[in-house]
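Novice: Sequence:
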Amino acid sequence: MKTLTLTRDARGVAHVQMNRPQVYNAFDETMIADLDGAFEELAGRPDVRVVVLSGAGKAFSAGADLQWMKRASEATREWNLEDARRFAGMLRCIHECPKPTVARVHGLALGGGVGLACACDIAVAAEGTQFAVSEARFGILPAVIGPYLVNAVGKRQAQRLALTAARIGAEEAQRLGLVQQVVPAAGLDEAIDAIVDELLASGPQAQVEIKRLFAQLEVGPVTEAVRELTAQTISRVRGTDEAREGFAAFLAKRPAAWIPPAGHGPRGTADGG
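For the sequence shown, the UniProt record's numbering gives the first residue as 1, with consecutive numbering after it.
I should point out that these hints are in silico values taken from the structure, not numbers from a laboratory. You may find that some hints are simply not true.
Quick list of in silico lysine-lysine cross-link-like pairs, DSS-like style, CA-CA up to 30 Å [as the list claims (entries may be wrong)]:
1) K58 / K2
2) K155 / K211
3) K253 / K211
4) K70 / K2
5) K58 / K70
What follows is a set of in silico ranges between Cβ atoms, one per label pair, in the way DEER data are often shown [as the list claims (entries may be wrong)]:
6) L217 / R175: 17 to 25 Å
7) I210 / E172: 23 to 31 Å
8) K253 / A136: 50 to 58 Å
9) K253 / T164: 49 to 57 Å
10) T5 / A248: 33 to 41 Å
11) A231 / Q130: 40 to 48 Å
12) R85 / A186: 38 to 46 Å
13) A206 / E228: 18 to 26 Å
14) F138 / V219: 27 to 35 Å
15) S73 / A256: 47 to 55 Å
16) K58 / F247: 23 to 31 Å
Quick caveat: nothing in here was measured; it's all calculated off a predicted structure. Glycine is no exception: its CB is placed at the ideal position from the N, C-alpha and C atoms.
Kindly produce the complete structure, drawing on both the sequences and the hints.
Specialist: So, in C-alpha coordinates, the structure goes:
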(Lines of atoms letter the chains of each structure in order from A; the text may use other names.)
(Lines give C-alpha, C1' and ligand atoms only; values in the text may rest on other atoms or scores of the structure.)
Protein backbone atom coordinates (compact mmCIF):
# COMPACT_ATOMS: atom_id res chain seq x y z
CA MET A 1 0.00 0.00 0.00
CA LYS A 2 1.46 3.34 -1.08
CA THR A 3 0.36 5.45 1.88
CA LEU A 4 0.37 3.00 4.80
CA THR A 5 2.74 0.80 6.74
CA LEU A 6 1.00 -2.38 7.90
CA THR A 7 2.53 -4.80 10.41
CA ARG A 8 1.31 -7.55 12.75
CA ASP A 9 3.09 -8.75 15.87
CA ALA A 10 3.17 -12.18 17.44
CA ARG A 11 0.17 -11.43 19.65
CA GLY A 12 -2.07 -10.69 16.70
CA VAL A 13 -1.90 -6.91 17.08
CA ALA A 14 -1.99 -5.18 13.70
CA HIS A 15 -0.50 -1.70 13.39
CA VAL A 16 -1.83 0.46 10.57
CA GLN A 17 0.37 3.55 10.28
CA MET A 18 -0.53 6.38 7.95
CA ASN A 19 2.73 7.18 6.19
CA ARG A 20 2.55 10.60 4.56
CA PRO A 21 4.49 12.57 7.17
CA GLN A 22 5.49 15.25 4.66
CA VAL A 23 1.83 16.42 4.63
CA TYR A 24 1.07 15.50 8.24
CA ASN A 25 -0.73 12.35 7.06
CA ALA A 26 -3.41 14.30 5.24
CA PHE A 27 -5.40 11.85 3.18
CA ASP A 28 -6.43 11.84 -0.44
CA GLU A 29 -8.10 9.34 -2.76
CA THR A 30 -5.16 6.96 -2.54
CA MET A 31 -4.95 6.91 1.25
CA ILE A 32 -8.72 6.50 1.54
CA ALA A 33 -8.54 3.45 -0.72
CA ASP A 34 -5.55 2.09 1.20
CA LEU A 35 -7.24 2.51 4.60
CA ASP A 36 -10.42 0.90 3.30
CA GLY A 37 -8.46 -2.04 1.89
CA ALA A 38 -6.34 -2.47 5.01
CA PHE A 39 -9.26 -2.57 7.43
CA GLU A 40 -11.28 -4.81 5.14
CA GLU A 41 -8.39 -7.26 5.01
CA LEU A 42 -7.71 -7.16 8.76
CA ALA A 43 -11.39 -7.65 9.56
CA GLY A 44 -11.28 -11.05 7.89
CA ARG A 45 -7.96 -12.28 9.27
CA PRO A 46 -8.27 -14.81 12.12
CA ASP A 47 -4.67 -14.09 13.16
CA VAL A 48 -5.54 -10.45 14.00
CA ARG A 49 -6.99 -9.62 17.41
CA VAL A 50 -6.60 -5.84 17.71
CA VAL A 51 -5.94 -3.01 15.23
CA VAL A 52 -3.99 0.13 16.19
CA LEU A 53 -4.25 3.15 13.86
CA SER A 54 -1.45 5.74 14.04
CA GLY A 55 0.34 8.39 12.01
CA ALA A 56 4.02 8.65 11.11
CA GLY A 57 5.99 11.80 11.85
CA LYS A 58 4.74 14.80 13.79
CA ALA A 59 0.98 14.33 13.46
CA PHE A 60 -1.81 11.74 13.55
CA SER A 61 -3.64 13.28 10.59
CA ALA A 62 -4.25 16.80 9.33
CA GLY A 63 -7.42 15.63 7.61
CA ALA A 64 -8.11 16.13 3.94
CA ASP A 65 -5.22 16.83 1.60
CA LEU A 66 -5.73 20.36 0.26
CA GLN A 67 -4.78 19.36 -3.28
CA TRP A 68 -7.48 16.69 -3.14
CA MET A 69 -10.00 19.27 -1.91
CA LYS A 70 -8.96 21.67 -4.67
CA ARG A 71 -9.57 18.96 -7.27
CA ALA A 72 -12.95 18.28 -5.67
CA SER A 73 -13.94 21.94 -5.81
CA GLU A 74 -13.31 21.94 -9.57
CA ALA A 75 -14.98 18.59 -10.29
CA THR A 76 -18.56 17.75 -11.17
CA ARG A 77 -21.19 16.97 -8.57
CA GLU A 78 -21.27 13.37 -9.79
CA TRP A 79 -17.51 13.01 -9.24
CA ASN A 80 -17.83 14.54 -5.79
CA LEU A 81 -20.68 12.21 -4.87
CA GLU A 82 -18.70 9.09 -5.76
CA ASP A 83 -15.63 10.48 -4.01
CA ALA A 84 -17.59 11.24 -0.84
CA ARG A 85 -19.16 7.79 -0.90
CA ARG A 86 -15.69 6.24 -0.94
CA PHE A 87 -14.69 8.36 2.06
CA ALA A 88 -17.88 7.38 3.89
CA GLY A 89 -17.25 3.73 3.08
CA MET A 90 -13.73 3.91 4.50
CA LEU A 91 -14.94 5.35 7.82
CA ARG A 92 -17.66 2.70 7.96
CA CYS A 93 -15.05 0.00 7.38
CA ILE A 94 -13.02 1.27 10.34
CA HIS A 95 -16.07 1.75 12.57
CA GLU A 96 -17.57 -1.65 11.77
CA CYS A 97 -14.32 -3.60 11.98
CA PRO A 98 -15.17 -6.65 14.13
CA LYS A 99 -11.79 -6.38 15.89
CA PRO A 100 -11.24 -3.76 18.61
CA THR A 101 -9.67 -0.63 17.11
CA VAL A 102 -7.43 1.85 18.92
CA ALA A 103 -6.41 5.29 17.63
CA ARG A 104 -2.94 6.47 18.70
CA VAL A 105 -3.29 10.24 18.36
CA HIS A 106 -0.45 12.76 18.58
CA GLY A 107 0.47 16.17 17.25
CA LEU A 108 -2.55 17.17 15.21
CA ALA A 109 -5.95 15.68 14.42
CA LEU A 110 -7.80 18.03 12.10
CA GLY A 111 -11.01 17.62 10.12
CA GLY A 112 -11.10 14.09 8.80
CA GLY A 113 -8.34 13.19 11.25
CA VAL A 114 -10.87 13.81 14.03
CA GLY A 115 -13.24 11.55 12.13
CA LEU A 116 -10.67 8.75 12.05
CA ALA A 117 -10.20 8.99 15.82
CA CYS A 118 -13.97 8.98 16.40
CA ALA A 119 -14.47 5.98 14.10
CA CYS A 120 -12.14 3.85 16.28
CA ASP A 121 -13.44 2.17 19.43
CA ILE A 122 -10.80 3.70 21.68
CA ALA A 123 -8.71 6.85 21.18
CA VAL A 124 -5.67 7.81 23.25
CA ALA A 125 -3.98 11.19 22.79
CA ALA A 126 -0.60 12.54 23.75
CA GLU A 127 -0.51 15.70 25.83
CA GLY A 128 -0.19 18.71 23.58
CA THR A 129 -2.22 17.22 20.73
CA GLN A 130 -4.43 19.78 18.98
CA PHE A 131 -7.85 18.93 17.57
CA ALA A 132 -10.12 20.90 15.25
CA VAL A 133 -13.21 20.15 13.19
CA SER A 134 -11.85 22.61 10.67
CA GLU A 135 -13.94 22.15 7.51
CA ALA A 136 -15.95 25.38 7.83
CA ARG A 137 -12.74 27.40 7.55
CA PHE A 138 -12.57 26.16 3.94
CA GLY A 139 -16.21 26.84 3.17
CA ILE A 140 -17.31 23.21 3.52
CA LEU A 141 -18.71 21.12 6.36
CA PRO A 142 -17.84 17.93 8.27
CA ALA A 143 -20.63 15.92 6.67
CA VAL A 144 -19.13 12.43 6.35
CA ILE A 145 -17.40 12.52 9.74
CA GLY A 146 -20.43 14.17 11.37
CA PRO A 147 -22.22 11.01 12.58
CA TYR A 148 -19.04 9.66 14.21
CA LEU A 149 -18.34 13.02 15.86
CA VAL A 150 -21.91 13.25 17.18
CA ASN A 151 -21.67 9.71 18.55
CA ALA A 152 -18.41 10.59 20.32
CA VAL A 153 -19.23 13.97 21.89
CA GLY A 154 -22.98 14.50 21.55
CA LYS A 155 -24.91 16.65 19.10
CA ARG A 156 -24.56 20.05 20.79
CA GLN A 157 -20.81 19.82 21.35
CA ALA A 158 -20.28 18.44 17.85
CA GLN A 159 -22.20 21.36 16.40
CA ARG A 160 -20.11 23.85 18.41
CA LEU A 161 -16.87 22.28 17.20
CA ALA A 162 -18.10 22.28 13.59
CA LEU A 163 -19.49 25.84 13.61
CA THR A 164 -16.49 27.47 15.27
CA ALA A 165 -13.76 25.24 13.75
CA ALA A 166 -11.83 26.17 16.91
CA ARG A 167 -8.76 24.24 17.97
CA ILE A 168 -9.00 22.48 21.31
CA GLY A 169 -6.35 20.73 23.38
CA ALA A 170 -6.14 17.10 24.36
CA GLU A 171 -7.58 17.68 27.83
CA GLU A 172 -10.73 19.33 26.46
CA ALA A 173 -10.99 16.59 23.83
CA GLN A 174 -11.00 14.08 26.68
CA ARG A 175 -13.65 15.99 28.63
CA LEU A 176 -15.87 16.01 25.57
CA GLY A 177 -15.35 12.29 24.88
CA LEU A 178 -13.48 12.73 21.62
CA VAL A 179 -10.65 10.71 23.18
CA GLN A 180 -10.87 8.58 26.31
CA GLN A 181 -7.34 9.00 27.65
CA VAL A 182 -4.59 11.63 27.57
CA VAL A 183 -1.03 10.71 28.51
CA PRO A 184 2.44 12.31 28.33
CA ALA A 185 3.87 12.07 24.83
CA ALA A 186 6.75 9.90 26.08
CA GLY A 187 4.26 7.43 27.54
CA LEU A 188 1.92 7.16 24.54
CA ASP A 189 3.18 3.79 23.33
CA GLU A 190 3.14 2.41 26.88
CA ALA A 191 -0.49 3.52 27.27
CA ILE A 192 -1.45 1.91 23.96
CA ASP A 193 0.29 -1.33 24.99
CA ALA A 194 -1.61 -1.37 28.30
CA ILE A 195 -4.94 -1.03 26.48
CA VAL A 196 -3.93 -3.71 23.99
CA ASP A 197 -3.08 -6.06 26.87
CA GLU A 198 -6.54 -5.50 28.33
CA LEU A 199 -8.15 -6.16 24.95
CA LEU A 200 -6.17 -9.36 24.44
CA ALA A 201 -7.35 -10.67 27.83
CA SER A 202 -10.97 -10.64 26.66
CA GLY A 203 -12.58 -13.24 24.44
CA PRO A 204 -12.25 -12.29 20.75
CA GLN A 205 -15.71 -13.56 19.82
CA ALA A 206 -17.19 -11.81 22.85
CA GLN A 207 -15.68 -8.58 21.52
CA VAL A 208 -17.28 -9.19 18.13
CA GLU A 209 -20.61 -9.69 19.88
CA ILE A 210 -20.15 -6.52 21.96
CA LYS A 211 -19.54 -4.40 18.88
CA ARG A 212 -22.46 -5.99 17.03
CA LEU A 213 -24.88 -5.49 19.95
CA PHE A 214 -23.79 -1.98 20.90
CA ALA A 215 -24.17 -0.87 17.27
CA GLN A 216 -27.88 -1.60 17.66
CA LEU A 217 -28.34 0.26 20.95
CA GLU A 218 -29.28 3.92 21.30
CA VAL A 219 -29.40 6.22 24.30
CA GLY A 220 -33.02 6.31 25.42
CA PRO A 221 -35.80 4.12 26.75
CA VAL A 222 -35.06 0.42 27.23
CA THR A 223 -38.00 -0.87 25.22
CA GLU A 224 -39.40 -4.38 25.06
CA ALA A 225 -37.64 -4.84 21.73
CA VAL A 226 -34.31 -3.85 23.26
CA ARG A 227 -34.82 -6.16 26.23
CA GLU A 228 -35.62 -9.03 23.88
CA LEU A 229 -32.56 -8.30 21.75
CA THR A 230 -30.26 -8.39 24.77
CA ALA A 231 -31.89 -11.55 26.15
CA GLN A 232 -31.63 -13.34 22.80
CA THR A 233 -28.00 -12.29 22.44
CA ILE A 234 -26.76 -13.41 25.86
CA SER A 235 -28.70 -16.68 25.75
CA ARG A 236 -27.00 -17.53 22.46
CA VAL A 237 -23.50 -16.47 23.51
CA ARG A 238 -23.60 -18.31 26.86
CA GLY A 239 -23.59 -21.61 24.98
CA THR A 240 -20.54 -20.93 22.81
CA ASP A 241 -17.21 -22.72 23.07
CA GLU A 242 -15.55 -19.45 23.99
CA ALA A 243 -17.91 -18.90 26.91
CA ARG A 244 -17.33 -22.43 28.20
CA GLU A 245 -13.57 -21.90 27.96
CA GLY A 246 -13.83 -18.55 29.75
CA PHE A 247 -15.70 -19.95 32.72
CA ALA A 248 -13.51 -23.07 32.87
CA ALA A 249 -10.34 -20.96 32.88
CA PHE A 250 -11.68 -18.71 35.61
CA LEU A 251 -12.67 -21.63 37.85
CA ALA A 252 -9.33 -23.38 37.23
CA LYS A 253 -7.42 -20.15 37.92
CA ARG A 254 -5.56 -20.37 34.60
CA PRO A 255 -5.30 -18.05 31.60
CA ALA A 256 -7.99 -18.52 28.99
CA ALA A 257 -6.88 -20.12 25.75
CA TRP A 258 -7.16 -16.87 23.78
CA ILE A 259 -4.63 -14.98 25.94
CA PRO A 260 -1.19 -14.81 24.26
CA PRO A 261 1.44 -16.85 26.11
CA ALA A 262 4.12 -15.16 28.18
CA GLY A 263 7.03 -13.97 26.09
CA HIS A 264 4.85 -12.56 23.34
CA GLY A 265 4.92 -9.10 24.87
CA PRO A 266 4.20 -5.67 23.43
CA ARG A 267 5.78 -4.69 20.15
CA GLY A 268 6.93 -8.19 19.26
CA THR A 269 8.43 -9.08 15.91
CA ALA A 270 6.22 -7.95 13.08
CA ASP A 271 5.43 -10.25 10.21
CA GLY A 272 4.65 -7.42 7.80
CA GLY A 273 1.26 -8.87 6.99
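Novice: Indicate, hint by hint, whether the structure satisfies it.
Specialist: Status of each hint after checking the structure:
no., hint, in the structure
1, K58 / K2, "holds, 19 Å"
2, K155 / K211, "holds, 22 Å"
3, K253 / K211, "holds, 28 Å"
4, K70 / K2, "holds, 21 Å"
5, K58 / K70, "holds, 24 Å"
6, L217 / R175: 17 to 25 Å, "holds, 24 Å"
7, I210 / E172: 23 to 31 Å, "holds, 28 Å"
8, K253 / A136: 50 to 58 Å, "holds, 56 Å"
9, K253 / T164: 49 to 57 Å, "holds, 54 Å"
10, T5 / A248: 33 to 41 Å, "holds, 39 Å"
11, A231 / Q130: 40 to 48 Å, "holds, 45 Å"
12, R85 / A186: 38 to 46 Å, "holds, 40 Å"
13, A206 / E228: 18 to 26 Å, "holds, 20 Å"
14, F138 / V219: 27 to 35 Å, "holds, 32 Å"
15, S73 / A256: 47 to 55 Å, "holds, 53 Å"
16, K58 / F247: 23 to 31 Å, "violated, 47 Å"
Violated hint for the displayed structure: number 16, the only one.
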